[in-house]
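Undergrad: Each chain is listed here by its residues.
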Amino acid sequence: MQYSFSDEQEQFRDIVARFMREKSPTSEVRKLMETASGYDANIWQQMNQELGLGALCIPEVYGGQGFGFVELAIVLEEMGRNLFCAPFFSSSVLATQAILNTATEAQKSAILPDIASGQRIATLAMCEANASWRAKDVSMLAEPVDGGFSLSGKKHLVTDGMYADTFVVAACVDNGAGKSEAAFFLVQSDASGLRRAEQDGIDATRKLAELEFRGVVAEMLGKPDSVKVDKSIAFSCVALANEMVGGCQYLLSSAVEYAQLRMQFGRTIGSFQAIKHMCADMLLEVELARSAAYQAAQAVHHAAQAESEDDSEMLALASLAKASVSDAYIRTAETCIQIHGGIGFTWDNDTHLWFKRAKSSEEFLGGPMLHRELLMQAWGV
Amino acid sequence: MQYSFSDEQEQFRDIVARFMREKSPTSEVRKLMETASGYDANIWQQMNQELGLGALCIPEVYGGQGFGFVELAIVLEEMGRNLFCAPFFSSSVLATQAILNTATEAQKSAILPDIASGQRIATLAMCEANASWRAKDVSMLAEPVDGGFSLSGKKHLVTDGMYADTFVVAACVDNGAGKSEAAFFLVQSDASGLRRAEQDGIDATRKLAELEFRGVVAEMLGKPDSVKVDKSIAFSCVALANEMVGGCQYLLSSAVEYAQLRMQFGRTIGSFQAIKHMCADMLLEVELARSAAYQAAQAVHHAAQAESEDDSEMLALASLAKASVSDAYIRTAETCIQIHGGIGFTWDNDTHLWFKRAKSSEEFLGGPMLHRELLMQAWGV
Amino acid sequence: MENNVIDSKIRAVQADVRVWLKENWHVNHSLLEWRNLLVESGWGVPCWPKAWYGRGLPADMETAVNGEFAAAGALGVARAGIRMLAAATLLEHGTEAHKQKFLRRILTGEDNWCQLFSEPGSGSDLAGATTRADLKDGRWLINGQKLWTTSAHHAEWGLLLARTDWDLPKHQGLSYFVLDMRQPGVEVQPLRQMNGHASFNQVFFDNAVIEPEYLVGALGDGWKVAMTTLAHERRSADGFRNWGKVSNGEGAIFEEERAENAIFNEPYKWYPQRAGRVDLIMQRARDSGLISDLRVRQEIAALLILSETAKWTAQRARAAQQLGRPQGPEGSLGKLAGSHIARAASRVHTLLGGAEVMLKGKDSEMQGLIAEILLSVPATSIAGGTDEIQRNIIAERVLGMPKEPRFDTGPFRDVPRGLKK
Amino acid sequence: MENNVIDSKIRAVQADVRVWLKENWHVNHSLLEWRNLLVESGWGVPCWPKAWYGRGLPADMETAVNGEFAAAGALGVARAGIRMLAAATLLEHGTEAHKQKFLRRILTGEDNWCQLFSEPGSGSDLAGATTRADLKDGRWLINGQKLWTTSAHHAEWGLLLARTDWDLPKHQGLSYFVLDMRQPGVEVQPLRQMNGHASFNQVFFDNAVIEPEYLVGALGDGWKVAMTTLAHERRSADGFRNWGKVSNGEGAIFEEERAENAIFNEPYKWYPQRAGRVDLIMQRARDSGLISDLRVRQEIAALLILSETAKWTAQRARAAQQLGRPQGPEGSLGKLAGSHIARAASRVHTLLGGAEVMLKGKDSEMQGLIAEILLSVPATSIAGGTDEIQRNIIAERVLGMPKEPRFDTGPFRDVPRGLKK
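Protein chains in written order, with my numbering: chain A, 1 to 381; chain B, 1001 to 1381; chain C, 2001 to 2421; chain D, 3001 to 3421.
Hints are supplied without guarantee of correctness; some may be wrong.
Derived lysine-lysine pairs resembling DSSO-like cross-links, with alpha carbons at most 27 Å apart [unchecked claim]:
#1 B:K1154 to C:K2362
#2 A:K31 to D:K3362
#3 D:K3362 to C:K2421
#4 C:K2224 to B:K1031
What the hints contain is simulated information worked out from the structure, not anything from laboratory work. Computed from a predicted model, the values in this text were never measured in an experiment.
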């Protein structure tokens, strides 16, 4: 049914949720966010071996399980709820969606099985000084050389960039007619001419790096195609939106729970109408955002299965979801801190972990103002 | 002192406030708004003879009292608080400010004494199909003819247009260099070629008309000068902002009062935190808007007295005030209805009278979005 | 039950209706003749009990039967107004005599009904009703005032909530009656709203009389019975949103039905405007040229995100319900979301109108429709439960937060109410 | 008094200060020497009583005296931290012995003070303090925990609010003490905030000892005495906003003062960021080129309208005060306005930063300043009274609306508190 998950999907969610609750309590999150790599290789292995999450929505021919995007969205929601620290978003979303949308069969067969198994961690290097993830803003030029293309320049805000094995790098090639077209390129972490440096993110649970390319030789994925580049980012936006919805839900639950425990003036603060109404408003905002994320996930699910000529509705929903959930997440985070009062502003209280994820996610892959505009454009307005 | 009224100004306010309370209870407002002219000629006469409000801020040489713009702002605030039904805003603000800012000495001497005494009711006809009060948007062309200029075309949203004796009409003249410059022109209501028709306003306490000019011969006020035209509108914006602040205060007081009377669930609704907090938020918004209106009034006060080369700060404050108060007024009106509940949506309850004034004033002389942009421009940004 | 068993049952019922309609439906019937046929056949309300004009079919058969009526282009029983709420309440709490007297004429459309619950002093606090019913010489004398009574001016009967005991706590002192609206002690006055319409009425009772047998449920059970009415009101809220949908068939019987509907639709004609008319936004933005203004595009996008996500949220609730899953929070949020949408739409309409919003009436934008939006939207966050009440309900019932401390639990006589002196 | 009489008095005082400063002020004094001179002359705190280091001048003379100090480039008494709140409280409620022991060293800067009011369980509800003071063998034993204690780690003395009677209602069971911070039973731990700073402390008491003569005011009068401290805190809120303003004179004494200030300013260094740094907006918009984006211009204009009108509103309040007029509502609104400004500024900074806001630290925008804004603003609507408490105060005290119903009026022992079990 269009507006609900199937029983199988609900069961799958329960399994993922249990794993995340067990493996990613905030004590673990706090421990991992202080490490350089930001994740626990053992748990990463368990996640792939026991649950096969890395393989989940990679087609079976490439060593995956062949599930759809809705299942991926379920995984991300549960990860976001628990701030699961792992390069899943980088590898199984950003890089995998870029590869699935642009690479040749041969390339997919070569790369995806290792990503599916979790042995290879991949990520996307797209954003440059202009802090944009849109194909038209990619200015790194890929120059044809023997054995592929040569890449020079910088990429930043590369998630898990310090520990990834493989980079999918966005760059432009001249399409002959004097116009440039964006494409993705494959670069291994040990490539000659590649340097990487840590970046200090406000969200310590999502590690960032800056990459410097000095004539790095790279393989092009498929053909230059800006439309497909944008489409793969749109897919990732939807995944991010679903991850963010999980975070919204955590913050809402946390605020409501605390309001019912914390006493002031001889009563729980949750018995004050001001707090109750803040919680009701949060719920409304979170549920509307959830609907957007789910609806977009379904649209991508179908778009990924049935290659359609016209992706405009899917693109519209992706931007709609990213805009809606970005606003909801940061407001829910602000309200959650407010309801916790001074305690909510302390390091020891967990709220700030999600607040920082919310703030970071708000502009990651494009902020709400941009996506509202892209929504109008996708609607042909 | 810069941020407060003098004792004399406070006493003046008391006198005006008492007059408005006595002459303009809502019973009277409701009666007058159902009439065609929308005002009571007797009370108009009393207002001018007893309080001399029409003469208030017209210089003494033109038969006025020579007070400043701050005193005018006080009058408007008290009128706005009581929805005083009279052509004061049309005659003593819109028309008078246009004349003061652009006319020659001889013209001022000829026209202003009758406006000051209230014998002549003047108004401004500026807005055309594009619904703008900016000099650059005036498209009516004034063609030089014997005895003055000939005007053709339509003006609408002309306040008190059906009963005004004199119209100050905005039109353009070619400045020789192929560019057009806006100027004000004087037209009497009995001029040949002038037709007027009532317009049905959402705010029945401020009557509107559409004027049609078919070769109406008019006298130009001073010289074409778009800057002065815009400046006179800026003055009127400040006057309007102060009038609106009076309305805000009425709505706030009305909401607070009702909340302390109305019982539900065995307690006054004003004892519910939701209502208390709405009232606190309203107060904040109204007081911020009030500061904007007062600050702008003072800026115009000084700008009108000391002809300055650079009006940009005054223009900035005028737009700031119009934007700030417009937003505050409509939100206060919405909240006041909300606190009144279903009763507040009925015709017999007075709230809608101010709601309609708020809605109408929001876009009158330019809406908040326009004025926020004009503020940035005036600040040189 | 297995799906295929259900399917075959549905098919059987559909076949029955089809046959019956083929034999009986004809546009040359008068509306009353036809509805009498429906009532006698049980096909008008197939899920009602067999004893009372129905066929005792399970609730989920209704859609199937309606589908056959639609396919045949046949009209159904009278449904306009609050008659079906009256019927549901009487079916559950009424006596045999009540059912005998009222149900049939509800379905045939011969009697119209209105709901006399809200009062000037009890809006959000419905149980605070102070209209009194006093037993005198074996008959109930009604005194007081009701408010917001849609269609009171053409109703034969009213569902009345009145206080019969002032010494009991608020909810316990109320009783539920059927009131004959056509009597000297009842005065109906239209109530004008700020948008100029007068969709509601005030109803004044000055020693209006109710015979004792018109008490519904037990004495003092008024709140419980009213809950039944309100539950059905909520359940049929979707249906209400279809006001104004009239069949466009040709023939005398359709003319009759359209005339009937016109009367009932009249009070609701501004309801779409009250909700903000999001549907008009895009076209107006294009027509005004403001569609190319980046600022306006942001406002439009934000509004449409709100209205689209609210729609999907309602659909999620419905989908869960259809799957028999426990209702999530989605179902309780529509009303509050609607307020946000209406307010945001009103703002965008203002942006698009500019100073033209100063005008109303036939010479103004869209023949006054835009002005009607701006002057109607403020009702959205009040009517049918204010936003504040909705937030309380959401916080308490959905999120499980503590209830408001209560100050009205003692004898109603002592509860402060009305306007504070 | 006539204005010219006031003027001549002011001029006389100014002349006196000028003469005294000319004779006494010298940059070669050590800071302590100089402050001792100030204390003995009475010019350090001219409006304090003559008996206690002042000259008994009326309060409005302070500005005139300060002006002479500024003109001479002379330093004043120690003012940093909460020492002046301690002094004001002791002047009003302290014994002769308290004043003798504490006041002078407050002014010379030899002793530092901290305020031990807030607790983990009593933030908005300050009177709900549960730190206990029990009289045992003639001395008070203190047990419990305080929170948000700025500068506790370098304070010699603390102003302590503790519960001495659990059977009285909340506000009546509290007493007010001066606590020696340098004792084994007192442990000070810094408390890290979400922005990474640790400006506040937690203070744990494990049988900390207070001699009976360090009770301030009568037993059970703690709330009353604390009100004095808080009133002075509110009054000097403007002064606090000047943290970090240090005189830039040359010479040893200025070095000493700057070193002293540096310690006190340390915890407050992120406060400007907490308030949103509206001052940076325009330049950042220009630098990023977004100043030409119509959407961004709207946001900036709205933010600046908010911050400008809030500034004027505060000035209106001050002007009324200076004219001796009754305070209007303006004075109570600044805190709530500040929350709106900070949140709006944070949003605009995010817009201007785009995805760069994902970064913090020295390599990020403005060497981490922007990130510090985004991660500090959430404290604005909480610290010093949440927005919700502010709205209550505004509604009740300014608008005269009814108080919250109370559930904590009985014996404190029975009042539910802390975290609900």
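Undergrad: Now tell me if each hint is right for this structure.
TA: So, going through the hints one by one against the coordinates:
no., hint, in the structure
1, B:K1154 to C:K2362, "19 Å, holds"
2, A:K31 to D:K3362, "23 Å, holds"
3, D:K3362 to C:K2421, "64 Å, violated"
4, C:K2224 to B:K1031, "46 Å, violated"
The structure does not agree with the numbered hints 3, 4 stated previously, though it agrees with the rest.
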